[in-house]
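S.K.: Take a look at the letters that make up each chain.
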Amino acid sequence: MRTNIIGIYEDDDVLLKAVDKLQDNGVKVADVMSPFPIHGIFERLNLTTRMPLATFLYGAVGTIAVFGFLYWTSVVSYPLKFGGKPLNTLSFIIIMFVLTIFVGTFFTFMTYFVREKMYPGKEVTLPVPETTNDKFVIVVNTTDDMTKADIKKINDLMKESGAVEIKESNINYIS
Amino acid sequence: MYNTRIRGVLIKGNKSYSDITHEILKPMNDRTPLWWWVAAFFATGALFWGVWGFYNTISTGIGTWGLNNNVAWGWAIINFVWWIGIGHAGTAFSIFLLIVRQKWRTSINRAAEAMTIFAVMAAGLFPLIHMGRIWDGIFIFPYWNTRGPLWDNFNSPLFWDVVAISTYLMASAVFWYVGMIPDFATIRERTTSKMKKKIYGILSFGWIGNAKGWLRFETAAILLGGMAAPLVVSVHSIVSMDFSVSIVPGWHTTIFPPYFVVGAIFSGFGMVLTLMIILRKVYKFKDIVTDGHLDAITRILVFVSLIMGTAYLTELFMAWYSGSEYELFTFMKNRVTGDYKFAYWTMITCNAIIPQLFWFKKIRKNITMVFIISIFINIGMWFERYVIVVTSLSKDFLPATWASYSPTITEVSIFIGTIGLFLLGVLMFFRFVPTIAISEVKGVLKETTTHKSFIDED
Chain A
1 MRTNIIGIYE
11 DDDVLLKAVD
21 KLQDNGVKVA
31 DVMSPFPIHG
41 IFERLNLTTR
51 MPLATFLYGA
61 VGTIAVFGFL
71 YWTSVVSYPL
81 KFGGKPLNTL
91 SFIIIMFVLT
101 IFVGTFFTFM
111 TYFVREKMYP
121 GKEVTLPVPE
131 TTNDKFVIVV
141 NTTDDMTKAD
151 IKKINDLMKE
161 SGAVEIKESN
171 INYIS
Chain B
176 MYNTRIRGVL
186 IKGNKSYSDI
196 THEILKPMND
206 RTPLWWWVAA
216 FFATGALFWG
226 VWGFYNTIST
236 GIGTWGLNNN
246 VAWGWAIINF
256 VWWIGIGHAG
266 TAFSIFLLIV
276 RQKWRTSINR
286 AAEAMTIFAV
296 MAAGLFPLIH
306 MGRIWDGIFI
316 FPYWNTRGPL
326 WDNFNSPLFW
336 DVVAISTYLM
346 ASAVFWYVGM
356 IPDFATIRER
366 TTSKMKKKIY
376 GILSFGWIGN
386 AKGWLRFETA
396 AILLGGMAAP
406 LVVSVHSIVS
416 MDFSVSIVPG
426 WHTTIFPPYF
436 VVGAIFSGFG
446 MVLTLMIILR
456 KVYKFKDIVT
466 DGHLDAITRI
476 LVFVSLIMGT
486 AYLTELFMAW
496 YSGSEYELFT
506 FMKNRVTGDY
516 KFAYWTMITC
526 NAIIPQLFWF
536 KKIRKNITMV
546 FIISIFINIG
556 MWFERYVIVV
566 TSLSKDFLPA
576 TWASYSPTIT
586 EVSIFIGTIG
596 LFLLGVLMFF
606 RFVPTIAISE
616 VKGVLKETTT
626 HKSFIDED
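Protein sequence lines, in the order shown, are assigned to chains A and B.
The letter at position 167 of the first sequence is residue 167 when you use the numbering used here, and the numbering goes up by one with no holes.
The letter at position 9 of the second sequence is residue 184 when you use the numbering used here, and the numbering goes up by one with no holes.
Quick caveat, the hints were computed from the structure, so don't treat them as lab data.
Watch out, some of these pointers could steer you wrong.
[Claimed, not checked] Using 30 Å as the maximum straight-line C-alpha spacing, the simulated DSS-like pairs for lysine-lysine come out as follows:
#1 K373(B) / K167(A)
#2 K167(A) / K537(B)
#3 K621(B) / K28(A)
#4 K387(B) / K122(A)
#5 K17(A) / K373(B)
#6 K536(B) / K167(A)
#7 K372(B) / K387(B)
#8 K117(A) / K387(B)
From just these sequences and the hints, can you work out the full model?
M.R.: Quick look at the structure:
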């Protein structure tokens, strides 16, 4: 069974230094939990997201789809002159502009919820509930090939880098 | 990242992270205070009065209003534009200040966004009620029908309004809610009550606050910021086009879109100021919403007030310079002087003159004065819409068709009703939701508390 070594810290700057120290010593930091986003942690853990690309694609598809709909309704399906304006008018730009934002916003957040696997009523158990208040946590996965000495080394590194408490937990908080 | 020394201390009192959580959540754990019940009582009363007006309008018809052939738009559109304007501050706060990385927004944005949502809801009621046959409301959307199918007129600003306002409501509501998820998780993990744990557990969507989660959270926020910033500008531009694409004197001007956008930000910031002063007073948030925060808002207001004044003068100049006698009549004989001069000069005084008092540090630091001036701004902006709508319609090209307009009790009651709706929404927000974004305030805590504030120097 997979367990995690969890180092609890009380300050975000201390935690950043601790992550550096663990990584310098060849320990793979699996995750960090914090009450607010810590700047510098994403680079250290090599985390990236493709959400901007997704948003761009939603927006592009949205613009084209909205124009297609407006063109089809006004020029193809029921051509009807309003105020002597051409059937395919510049007014469409306003509607396309706003609805592009609509489509982009809506689907970006849908993507966010889907990728994060978040939904109303999802039940989670946090290894350290105080990470939503004032504690910062480094999570290191233990693997089968780790010896007792390896685990002790991780514990020592965490202690040296300022962890106020270190514990092992087998709570699988990422579902 | 850079730090600014100009803004000074954002969070006073050397608080720890835990202090911040505790302080912001304290009002939610305390017993419901008496003032809340009193305010909720009056708000509900106002809401019920509005429901009466609504029922009266729908069951009898628009004839219950004071409208006539000339003045076909009265209080309904005035209130609609007024509420939409107030609704602009939330997004202006969270989005504009997010994009320009103004950290002082963190203490205020949650309340401003809540205000936006309730104001836009109140605004959205007016076009619906104004339809008279509200059950035909579906006609405003282009849907497949058996009449052709006959689609909407996509050249009409009224259709643009539908699109713009529904997008605006959706985007601000989603942004507001997603921003609250980490705070709901904080309540979920802290509370001892089983009931609360269940409710906030559902609301928090299973938030865990790990690194990847925060990365996606921040990315989503900045993406929405980038998309919604043009929306803030476009929504009120579109509202102004309801007027400016017509040929009515006083409406048919190109200044309308920027003038309306600025006016919206002005009234929105005014309302934010009103609410934040109340919020920090009743919940003792003076360390988090500091005098420096209020000072920053008043500085923006004095600047925006100058733009408003310039816009009013530009309108007058253009009325003369255009050489159109109808324009000149509307501005000089029907606004500056004439039947509606009271409304016009109230607008000028409240929007362009009184806020100039914010140039004085003494007045900016006197919270009572700031509060009173913020109320004046709210009133002034209502009169601005009154001047625009009623003066232009009442006396246009043909003197034979001139008419005057005064609202009936039904119109007044609908307006009071929307105020009740707004207040009730705000009160619910004060009671059941963390009124300040806990996680965002924690994020700026360290960067700012080491600097000394310019406002506290003396």
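S.K.: Take the hints in turn and mark each one as holding or not.
M.R.: Cross-check of the supplied hints:
As the CA atoms of K373(B) and K167(A) are separated by approximately 28 Å, the hinted pair is consistent with the 30 Å bound. Annotation: proposed proximity of K167(A) to K537(B) is violated, straight-line Cα distance about 55 Å (limit 30 Å). The straight-line distance between the Cα atoms of K621(B) and K28(A) is roughly 28 Å, inside the 30 Å bound, and the hint therefore holds. The suggested pairing of K387(B) with K122(A) holds, with an alpha-carbon distance near 18 Å, which does not exceed 30 Å.
Pair hint K17(A) plus K373(B) does not hold up; C-alpha atoms about 37 Å apart against a cutoff of 30 Å. With a CA separation close to 54 Å, the supplied pair K536(B) and K167(A) exceeds the 30 Å bound. For the hint pairing K372(B) with K387(B), the CA-to-CA distance comes to about 25 Å; that is within 30 Å, so the pair holds. Using a Cα cut-off of 30 Å, the hinted pair K117(A) and K387(B) holds, with the two alpha carbons roughly 12 Å apart.
Checked against the numbered hints above, the structure violates hints 2, 5 and 6; every other hint is satisfied.
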